[in-house]
Amino acid sequence: MHPFVVNNITKAMVMDNFIHSQQYEYILLGRVMHQQEIIDELLERLDTHDCEIFCISLSYSKEQLIKQIQKDIDAGIRNKDV
1 MHPFVVNNIT
11 KAMVMDNFIH
21 SQQYEYILLG
31 RVMHQQEIID
41 ELLERLDTHD
51 CEIFCISLSY
61 SKEQLIKQIQ
71 KDIDAGIRNK
81 DV
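Sequential numbering from 1 applies to the sequence shown in the numbering used here.
If you are wondering where the hints come from, they were derived from the structure by calculation, not from laboratory data. The beta-carbon is built from N, C-alpha and C at its ideal position, and this holds for glycine as well. One or more of the hints may lead you astray.
Below, in silico cross-link-like pairs of lysine to any residue (SDA-like), each with a Cα-Cα straight-line distance of 25 Å or less [as the list claims (entries may be wrong)]: (1) 80 to 69; (2) 71 to 35; (3) 62 to 38.
So the derived label-pair ranges between C-beta atoms look like this [stated by the list, open to error]: (4) 77 to 11: 16 to 22 Å; (5) 44 to 22: 30 to 36 Å; (6) 59 to 37: 16 to 22 Å; (7) 25 to 72: 17 to 23 Å; (8) 34 to 80: 32 to 38 Å; (9) 50 to 80: 46 to 52 Å; (10) 77 to 44: 29 to 35 Å; (11) 71 to 25: 42 to 48 Å.
Put together the whole structure using the sequences plus the hints.
Structure follows, in structure tokens:
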């Protein structure tokens with residue numbers, strides 16, 4: 001989904017539908033995992049029997065984060081108050 005909007009509706013869709021599909025061998029989720037509680041809830045709902053779980057955090061330096069956010073502001077994707 002592009003752009004993916006994080007709100008109660010899209011979160012419920014991921015939590016209740018996507019993670020229960022038998023069609024996927026791998027589930028990779030990103031950008032919506034900004035709170036540990038979200039990761040914990042997903043892991044509680046997943047059938048983790050006979051699988052490996054990897055939680056990986058990628059982060060920018062402060063300078064690079066400012067640069068990336070400014071790029072989004074310049075493109076009209078974000079507001080200056082972010």
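Assuming the hint says 46 to 52 Å, is it satisfied by the Cβ distance from residue 50 to residue 80 or not? 48 Å, holds
For the pair we were handed, residue 62 and residue 38, check the Cα-Cα distance against 25 Å. 24 Å, holds
For the hint 42 to 48 Å, verify it against the beta carbon of residue 71 and that of residue 25. The hinted range 42 to 48 Å is violated for residue 71 and residue 25, with Cβ atoms some 34 Å apart.
Hint says 30 to 36 Å; check whether the CB-CB distance for residue 44 and residue 22 agrees. Violated - the Cβ-Cβ distance for residue 44 and residue 22, about 19 Å, lies outside 30 to 36 Å.
Does the alpha-carbon distance linking residue 71 and residue 35 stay inside the 25 Å limit? 24 Å, holds
Given the range 32 to 38 Å, decide if the beta-carbon distance of residue 34 to residue 80 lies inside it. 20 Å, violated
Distance restraint hint 16 to 22 Å, applied to the beta-carbon atoms of residue 59 and residue 37: 18 Å, holds
C-beta pair residue 77, residue 11: status relative to the range 16 to 22 Å that was hinted: This hint holds: roughly 21 Å between Cβ atoms.
So the hint says 17 to 23 Å: do the beta-carbon atoms of residue 25 and residue 72 match that? 33 Å, violated
Given a hinted range of 29 to 35 Å, is it respected by the beta-carbon distance of residue 77 and residue 44? 32 Å, holds
Is it true that the CA of residue 80 sits at most 25 Å from the CA of residue 69? 9 Å, holds
Hint compliance for this structure: hints 5, 7, 8, 11 are not met, and every other hint is.
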